[in-house]
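Which chain is which? The protein sequence lines are A and B, in order.
102 is the number that UniProt numbering gives to position 102 of the first sequence; each next residue is one higher, with no gaps.
82 is the number that UniProt numbering gives to position 82 of the second sequence; each next residue is one higher, with no gaps.
Treat the hints as calculated values from the structure; they're not laboratory data.
There could be a bad hint or two in this list.
Stated by the list, open to error - Derived, one-sided and incomplete: chain B residues facing chain A with beta-carbon distance under 8 Å:
1. 68
2. 72
3. 73
4. 76
5. 78
6. 81
7. 82
8. 85
9. 110
10. 190
11. 192
Stated by the list, open to error - Which chain A residues stay away from chain B? Per the calculated CB distances, all over 10 Å, these:
12. 33
13. 35
14. 40
15. 41
16. 62
17. 63
18. 71
19. 79
20. 95
21. 105
The C-beta atom is built at its ideal place from N, Cα and C for all residues, glycine as well.
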Amino acid sequence: MDDDELEELRERTDRGSRLDTAAGETDRGAFRESIAEHLEAIDAGERQKALSAWDGPLAAFVAALEEEEHADRREAIVDALGEELGVDVDDPKKSELLALTLRVGFQEVAGEDLEALREALREDAAKGL
Amino acid sequence: MSETIRLAAFIDKGGTGKTTATAHLGVALAREGLDVLLVDLAGKQGDLAKTFGVWGEYRELIDAGDAWPNVTTVFQDEWAAIAEKLGEAAVDDLVIETGEGVDLIPAHPGLDSLDADLGNIDDAAERYSRLETFLDEYIDPRGYDAVLLDLPGLTNNVSYSGLWAAKHVLAPVEMGPFEAEQADQLREDLTQMVEAFDVEVDLAMVLPNKVDTRTKLAEEYLEAFREEYPEAIAPEYIPYSQDIRNAVDGGETAFALEEPSTTAEDARDAFEADARALVDRLGGA
Ligand SMILES: Nc1ncnc2c1ncn2[C@@H]1O[C@H](COP(=O)(O)OP(=O)(O)OP(=O)(O)O)[C@@H](O)[C@H]1O
Ligand SMILES: [Mg+2]
Chain A
1 MDDDELEELR ERTDRGSRLD TAAGETDRGA FRESIAEHLE AIDAGERQKA LSAWDGPLAA
61 FVAALEEEEH ADRREAIVDA LGEELGVDVD DPKKSELLAL TLRVGFQEVA GEDLEALREA
121 LREDAAKGL
Chain B
1 MSETIRLAAF IDKGGTGKTT ATAHLGVALA REGLDVLLVD LAGKQGDLAK TFGVWGEYRE
61 LIDAGDAWPN VTTVFQDEWA AIAEKLGEAA VDDLVIETGE GVDLIPAHPG LDSLDADLGN
121 IDDAAERYSR LETFLDEYID PRGYDAVLLD LPGLTNNVSY SGLWAAKHVL APVEMGPFEA
181 EQADQLREDL TQMVEAFDVE VDLAMVLPNK VDTRTKLAEE YLEAFREEYP EAIAPEYIPY
241 SQDIRNAVDG GETAFALEEP STTAEDARDA FEADARALVD RLGGA
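Required output: the full structure, derived from the provided sequences and hints.
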C-alpha cells in the first residue's frame, strides 16, 4: 500500500482496529470464564445467590415503593424496566425488582460485559444437553 | 442461471439458528452446483467464519491490521474510490474461500461502530441502501448464483441494510411459545418497511429449527407454524442434532461429517430440500 491517496482512504475507513477490539474480545473470554466458574460454584451451593447493597436512602426509596399505596408507581417502574430488557414482568417481588434494575444499569453502561454473562449461561445450559 | 439470488437470515432474536442455517443452506446450494457467497454481518464474533473453521486465520489478519478492506468498508462513502484504486483486488481482498465450496466475506470488529456510523446518515434510503449498491455493482458481476447474508439477531441499521439489500428473508425459528410472536413481529416489520420505504421485502422462508419431534409440544408448534405461514414455511424442518452443534463447534458444517448420525443426516437432507425450495421460490433456477 504505497499509494498516499489509498493510505488516506484506508485511514478514513478503517474501523475498530486491533488494539481496542481484539484485546477487548480476549478479555471478554476470560471474563466469561470467570463468570462460568462462579456459576458452577453457585450451582454446587458453594456461593450464595444473594446480592446485597449498603445504602440507606435507596433502602428507604425501595421500601416506599413496596407499599401497597404506591403500587401504581411500582408497576410503572417495573414496566419500564421490562420494556428496556424486552421481557414481560408481572408483579415482581422485591428481589426481582432490584435484579431487573441492576440488569438495566449494567446493560446501560456495560452491555458488552453483560453479554459475557449471557454467553456463559448459554454454554452452561448447553453442557446439560 | 443468470440472476443472482439473495437471501438474508434474520429474526429479531438470538440463537435460533441464523448462522447455522446460512452456512448449511449455503453448502447445500453449492452441492447443487451453485456458486455461493456468504456474507457475515452478524457481529464481530465472526460466527460464520468459525462455522467453517476459518476465523482463526482471519482473526490473525485483523490483529495484524491487515484486514482492510473488509465487510465494513463497503458501507463507507469512500468505497467507490477505494474500489477504483484497488481494482479487482478490492473485492478479492474481502472474500475468503472455505473448505466446503462456498466463498465467504467474514465479519469484522468494525461492524460495531458501523451501526452507529450508519445511524448518522439522516436519509433512510441512503442509510440502508449502501449494501445493496455494493452487491449490485461489485458482487453480482462476479457471477455468483446465490448470496446469503447472515444478520444480527436484533433490529439495527446493519440488519436493516441486509434486509434492504436481500429483499428476501429466511427466518429460522425454534419451536416455542414466544417464537410465533417473534415471527409475527418480523412479518409486521417487513410490512412496515414496505410501507415506509416502498421497498418490497418478503418472508421467503420460515425455517423451523432444532425441532425435537419426540415432544408432543414441538409437533403442535410445528403445526401452528404451518397454518400461520402456509406459503413461507420450509418444506422440511431441521431436527435438533447434537452433531450439528459439535460439527459447528469443530469448524465445519454437518455436510463435512464423515460419519454423520441419523439426526445429522436428516438435518442435511432437510437443508438440501429447503435449499432447492429456496431456488424455486426466488426464481433462480
Ligand atoms: N438444528 C440444530 N441442532 C442442534 N443445535 C443447533 C441447531 N441449529 C443451531 N444449533 C446450535 O444452536 C446455537 C445457536 O445457533 P446459531 O449460532 O446458528 O444461532 P443464531 O441465530 O445465528 O444466533 P445469534 O443470534 O447469536 O447470531 C449454536 O450453538 C448452534 O450450534
Ligand atoms: Mg448468528
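Hint check results:
1. For the restraint placing residue 68 of chain B at the interface with chain A, the shortest Cβ-Cβ distance is roughly 5 Å, inside the 8 Å limit, so the hint holds.
2. Below 8 Å, beta-carbon pairs count as interface contacts, and residue 72 of chain B has one with chain A at about 6 Å; its hint therefore holds.
3. For the restraint placing residue 73 of chain B at the interface with chain A, the shortest Cβ-Cβ distance is roughly 5 Å, inside the 8 Å limit, so the hint holds.
4. About 4 Å separates the beta-carbon of residue 76 of chain B from the nearest beta-carbon of chain A, less than 8 Å, and the hint is met.
5. Hint status for residue 78 of chain B relative to chain A: holds, with the closest Cβ pair at about 5 Å, below 8 Å.
6. With a least beta-carbon distance of about 6 Å to chain A, the hint placing residue 81 of chain B at the interface is held under the 8 Å criterion.
7. A cut of 8 Å between beta carbons decides the hint on residue 82 of chain B: the least distance to chain A is about 5 Å, and the hint holds.
8. Interface restraint check for residue 85 of chain B: the shortest CB-CB distance to chain A comes to about 5 Å, inside 8 Å, so the restraint holds.
9. With a least beta-carbon distance of about 3 Å to chain A, the hint placing residue 110 of chain B at the interface is held under the 8 Å criterion.
10. A least Cβ separation of about 19 Å between residue 190 of chain B and chain A goes past the 8 Å threshold, and the interface hint is therefore violated.
11. Annotation: interface hint on residue 192 of chain B violated; nearest CB of chain A at approximately 18 Å, more than 8 Å.
12. Chain B leaves residue 33 of chain A outside its interface by the beta-carbon criterion, the shortest separation being 16 Å against a cut-off of 10 Å.
13. Look at residue 35 of chain A: its CB is around 17 Å from the nearest CB on chain B, clear of 10 Å, so calling it non-interface holds up.
14. For residue 40 of chain A, the condition that its CB be more than 10 Å from all CB atoms of chain B holds, with the nearest at approximately 20 Å.
15. Every C-beta of chain B lies more than 10 Å from that of residue 41 of chain A, the closest at about 25 Å, which supports listing it as non-interface.
16. Against chain B, the non-interface label of residue 62 of chain A holds: every CB pair exceeds 10 Å, the least being about 30 Å.
17. Even its closest Cβ contact with chain B, about 34 Å, leaves residue 63 of chain A beyond 10 Å, as expected for a residue assigned away from the interface.
18. For residue 71 of chain A, the requirement that its beta carbon stay farther than 10 Å from each beta carbon of chain B is met, with the minimum near 27 Å.
19. At roughly 18 Å, the least C-beta separation between residue 79 of chain A and chain B is larger than 10 Å, which holds for a residue marked as non-interface.
20. Residue-level check passed: residue 95 of chain A sits 24 Å from the nearest beta carbon of chain B, beyond 10 Å.
21. Every C-beta of chain B lies more than 10 Å from that of residue 105 of chain A, the closest at about 20 Å, which supports listing it as non-interface.
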